[in-house]
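**Student:** Mature numbering (1 follows the signal peptide of the UniProt record, and there is no 0) puts the sequence shown at residues -20 to -1, 1 to 120.
Don't take every hint at face value.
Straight-line Cα separation of at most 25 angstroms, DSS-like style, residue types lysine-lysine; simulated pairs [said to hold, decoys possible]:
#, residue 1, residue 2
1, 36, 16
2, 82, 39
3, 19, 64
4, 82, 111
5, 85, 41
6, 36, 19
7, 16, 85
8, 73, 85
9, 73, 99
10, 73, 15
11, 82, 15
12, 24, 111
13, 75, 15
14, 24, 38
15, 85, 19
16, 64, 16
17, 23, 36
18, 73, 16
19, 99, 111
20, 64, 75
21, 85, 64
22, 41, 15
23, 23, 111
24, 39, 76
25, 39, 23
26, 24, 82
27, 64, 82
28, 76, 19
29, 39, 111
30, 19, 39
31, 64, 99
32, 111, 15
33, 16, 111
34, 39, 15
35, 39, 64
36, 36, 111
Derived by calculation from the structure, the hints in this document are not laboratory data.
Bear in mind the structure is a predicted one, so any value in this text is a computation, not a measurement.
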Amino acid sequence: MKVFVVLCIVLFAFTLIVSAKKNKSNDEEKAKSYKKVFKECQKKDETRVDASIIRKLKKHKQVDLPANFGEHKLCVFTGIGLLKADNTVDEDKLKKKIASAKPQKDIVDNIVMDCTSSKSTLQETALNLDKCLTTYSIEF
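Please take these sequences and the hints and turn them into a complete structure.
**Tutor:** Rendered as structure tokens:
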């Protein structure tokens, strides 16, 4: 009987370890996915943004955005699946992203409502989404 209990405990612990490793690798894949898309967008002349501007934006410093910044954000957001070709934001993916930073459900729902409005062009929608996420300190 003791052997059975010990075996169950070992099996349970093993399952927890495997599950934790799987979740960690999924999080790493998501992060790499964003990095990969960002790098792809930076390789294209029409969507490249100077690295110094990106650094300043990450530090929340004031910068003059280049004319192609909307194209850049459109490239990134469509690449990671947040922005659809029909000029709408994928609310499910956005909720998952926001929930990882702000776990309170009511806050997540409010942010999603604020950040998912479509504008007249894809670029304007991408810029609006970026500005809204920045307002709520949601970063990728």
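**Student:** Taking the hints in turn, state whether each one holds.
**Tutor:** Here's how the hints hold up against the structure:
no.	hint	result
1	36 / 16	21 angstroms, holds
2	82 / 39	20 angstroms, holds
3	19 / 64	20 angstroms, holds
4	82 / 111	17 angstroms, holds
5	85 / 41	30 angstroms, violated
6	36 / 19	18 angstroms, holds
7	16 / 85	29 angstroms, violated
8	73 / 85	15 angstroms, holds
9	73 / 99	19 angstroms, holds
10	73 / 15	17 angstroms, holds
11	82 / 15	21 angstroms, holds
12	24 / 111	23 angstroms, holds
13	75 / 15	20 angstroms, holds
14	24 / 38	21 angstroms, holds
15	85 / 19	32 angstroms, violated
16	64 / 16	19 angstroms, holds
17	23 / 36	20 angstroms, holds
18	73 / 16	18 angstroms, holds
19	99 / 111	13 angstroms, holds
20	64 / 75	15 angstroms, holds
21	85 / 64	24 angstroms, holds
22	41 / 15	22 angstroms, holds
23	23 / 111	23 angstroms, holds
24	39 / 76	24 angstroms, holds
25	39 / 23	23 angstroms, holds
26	24 / 82	33 angstroms, violated
27	64 / 82	23 angstroms, holds
28	76 / 19	23 angstroms, holds
29	39 / 111	14 angstroms, holds
30	19 / 39	19 angstroms, holds
31	64 / 99	13 angstroms, holds
32	111 / 15	20 angstroms, holds
33	16 / 111	22 angstroms, holds
34	39 / 15	18 angstroms, holds
35	39 / 64	28 angstroms, violated
36	36 / 111	15 angstroms, holds
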